[in-house]
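Q: Those protein sequences? They're chains P and Y, same order as listed.
Take the first sequence: its letter number 559 is residue 559 in the numbering used here, and every next letter is one higher.
Take the second sequence: its letter number 81 is residue 81 in the numbering used here, and every next letter is one higher.
It should be emphasised that the hints constitute simulated quantities derived from the structure, not laboratory data.
Computed from a prediction, not measured in an experiment: that's the story for all the values here.
Idealized CB from N, CA, C, for every residue including glycine.
Please note that a few of the clues may not be correct.
Claimed, not checked - Estimated spans, in silico, between C-beta atoms of each pair:
1) Ile-205(P) to Leu-60(Y): 17 to 23 Å
2) Asn-348(P) to Leu-3(Y): 55 to 61 Å
3) Tyr-357(P) to Glu-33(Y): 40 to 46 Å
4) Gln-397(P) to Tyr-5(Y): 54 to 60 Å
5) Phe-76(Y) to Leu-464(P): 51 to 57 Å
What the hints assert, rightly or not - Cut-off 25 Å, straight-line C-alpha distance, at most; resulting in silico cross-link-like pairs (PhoX-like, lysine-lysine):
6) Lys-336(P) to Lys-323(P)
7) Lys-273(P) to Lys-75(Y)
8) Lys-39(Y) to Lys-97(P)
9) Lys-74(Y) to Lys-38(P)
10) Lys-97(P) to Lys-71(Y)
11) Lys-74(Y) to Lys-273(P)
12) Lys-581(P) to Lys-74(Y)
13) Lys-39(Y) to Lys-581(P)
14) Lys-38(P) to Lys-78(Y)
15) Lys-78(Y) to Lys-97(P)
16) Lys-39(Y) to Lys-224(P)
Claimed, not checked - Non-contacting residues of chain P with respect to chain Y, defined by C-beta distances greater than 10 Å in every case (computed):
17) Ile-122
18) Leu-147
19) Val-149
20) Ile-156
21) Phe-163
22) Phe-195
23) Ile-215
24) Val-228
25) Thr-238
26) Trp-325
27) Leu-330
28) Lys-354
29) Ala-396
30) Met-434
31) Ser-566
32) Pro-582
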Amino acid sequence: MSLQALTYLFVGISFAVYIGIAIWSRAQSTNDFYIAGKGVSPVANGMATAADWMSAASFISMAGLIAFLGKDGSVYLMGWTGGYVLLALLLAPYLRKFGKYTVPDFIGTRYYSKAARLVAIICLIFISFTYVAGQMRGVGIVFSRFLEVDINTGVIIGMCIVFFYAVLGGMKGITYTQVAQYCVLIFAYLVPAIFISLMITNNPIPQLGFGDKAIGSSTYLLDKLDQVSLDLGFNAYTEYSKSNIDIFFITAALMFGTAGLPHVIVRFFTVPKVSDARKSAGYALVFIALLYTTAPAVATFAKINFINSVQEVEYKQAPNWFKNWEDIGLIAWKDKNNDGIINYSNGNALDGVKPKYIDKEGDYGERATINNPDLSNSNEIYIDNDIMVLANPEIAQLPNWVIALVAAGALAAALSTAAGLLLVISASISHDLMKKILMPKITEKQELFFARCAAAAAIIIAGLFGIYPPGFVAQVVAFAFGLAASTIFPALFLGIFYKRLNKEGAIAGMISGLIATSSYITYFKFINPQLNVAENWLFGISPEGIGFLGMIMNFVIALIVSNFYSKPPKEIYQMIDEIRKP
Amino acid sequence: MKLNYWQINLLILLFLLSIWFVVSFGFGIIWSEELDRFKIGGFKLGFWFSQQGSIYFFVLIIFIYVFLMNKLDKKFYKKTIDPQEKHKE
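Use the sequences and the hints to build the structure in full.
A: In structure tokens:
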């Protein structure tokens with residue numbers, strides 16, 4: 001069967017399964033819709049959390065990013081897993097004991113204040129939409145490359161599927177589809193990784209394989225990669241190139257941000273008992289670690305394969321995948337020295353970095369670009385990091401069914417995360433905004449109706465982001481984590497561990513964290529991007545890591561302001577005592 | 001002095017979070033370069049901690065926490081409280 005037929009088959013079957021599950025697990029009540037009736041087993045919830053967490057970015061982009069960044073890429077590996085330790089130890093069990101529906105619910109109740117609830121809703125919606133935009137882009141890429149449909153059609157198909165099971169099934173439908181999606185995505189990630197590990201090192205375990213020697217070679221793979229990287233003008237692959245303080249802050253911002261992400265936290269509201277919430281976080285991390293420990297191996301293999309298959313190859317002899325991705329617009333080649341041979345090294349190939357194609361062929365049949373070559377270096381290839389994982393099976397010449405599987409896996413990753421995010425957006429609007437602030441008199445049935453409407457509206461907005469992708473998606477990811485770390489995490493943590501914190505302190509803390517973090521990021525990412533270099537940063541901390549400083553500021557201000565105002569009421573003390581019991 | 005449930009809980013947290021800090025921020029970042037002098041197989045040790053080891057320890061930390069807390073719950077609250085019955089709203 002052809003690659004395209006196989007891809008249609010795999011994607012078709014997986015979509016049919018998701019829809020089947022959605023019909024089987026329809027939500028009957030708000031309790032079902034928001035938290036799946038608290039009836040999800042810890043293992044199933046662990047899998048669903050893992051699928052929820054591992055987005056198109058984890059599946060598609062992360063390994064490519066690590067391949068490009070080398071050891072600097074470790075911030076993502078440690079940051080996006082270490083946050084689960086904080087979540088399991090500091091938040092999940094207590095929030096589960098609290099036993100309500102949403103994150104703003106906890107903040108509003110604990111700080112006995114509608115204003116606090118409102119600040120939490122604003123942060124939550126901002127964080128979640130930032131995230132959704134990235135998912136829809138992933139869906140678009142996969143559809144356009146593997147199913148050869150228009151990106152817009154791809155996004156619309158994706159929207160319809162999510163619409164179906166999120167609006168119908170709510171949290172219950174989403175949870176069980178996510179379990180299926182986890183199985184698809186992890187299988188799709190591991191199979192090519194194992195294949196490639198076997199091909200390169202003869203070791204079936206990728207986690208060990210990338211520390212091995214290549215077949216027929218006497219040097220270790222990583223040593224070789226260090227050497228090749230240096231030869232091509234890059235930093236050594238296994239050494240940090242950023243300063244320690246920056247690495248430290250970025251990792252911390254990602255960890256605390258992860259622990260403060262509403263769509264992850266809310267997953268722990270769905271299990272039956274407090275002890276299940278702890279266990280469930282453990283399972284979630286096991287399932288996540290399976291992919292996250294494979295990713296650096298995939299990165300190493302991909303980088304070596306990539307260099308081997310294009311470096312100093314004549315363009316006319318370039319492999320098919322190279323030309324396919326060129327057609328999609330994620331690879332470009334500019335023959336700087338007019339020798340018809342591809343030269344890969346450090347530096348930008350093109351002026352203005354991103355290629356602007358013109359409808360013409362170059363001297364060797366390549367897709368011509370209007371950009372001038374960047375003559376400060378000899379690199380001739382523009383490559384988008386995102387294609388590393390998707391192209392890896394093709395680069396390694398794996399059978400077609402593996403490539404089709406990867407396409408289905410990438411879609412599972414994107415759709416599962418999108419659905420989880422849409423749900424927290426809809427819950428915060430229908431439950432927190434409508435029921436708790438604007439229209440407290442609505443019945444449960446009406447609330448459920450609002451929840452479904454909000455989910456539908458959120459899907460349409462997310463779809464629009466996919467069809468008209470805002471140019472700033474990559475920049476705003478730092479925003480999402482920075483804000484989660486500097487607003488939501490401290491409010492939850494102090495709410496549980498420091499009884500004396502009153503509403504004045506909490507609100508002051510959240511607002512100062514919000515303002516400090518967002519103004520720093522806005523300044524360097526949007527207002528003055530040309531100043532975004534280490535010399536201008538506060539204490540050498542890049543915008544990606546500023547969320548951690550924002551968090552410290554939140555803590556300090558919350559504690560100081562809190563002391564100037566009266567203690568929280570007695571009921572709050574009792575409530576905290578209650579959630580501290582298992 | 002006899003410690004109550006919450007105080008023991010805090011001690012457990014302190015102990016486990018120090019491990020969390022040392023394996024990631026410590027071995028993976030601050031002392032990573034020094035550790036790189038040692039090798040296991042083809043991995044420099046500091047590099048291994050930053051891309052593999054820290055994650056394995058994270059998993060381990062959560063399961064140790066689950067184990068210790070289950071024991072603690074049993075000691076202080078013999079009958080596990082069923083949160084279903086506390087369900088409000």
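Q: Which numbered conditions among the earlier hints are violated in the structure presented, ordered from lowest to highest?
A: 8, 13, 25 and 32
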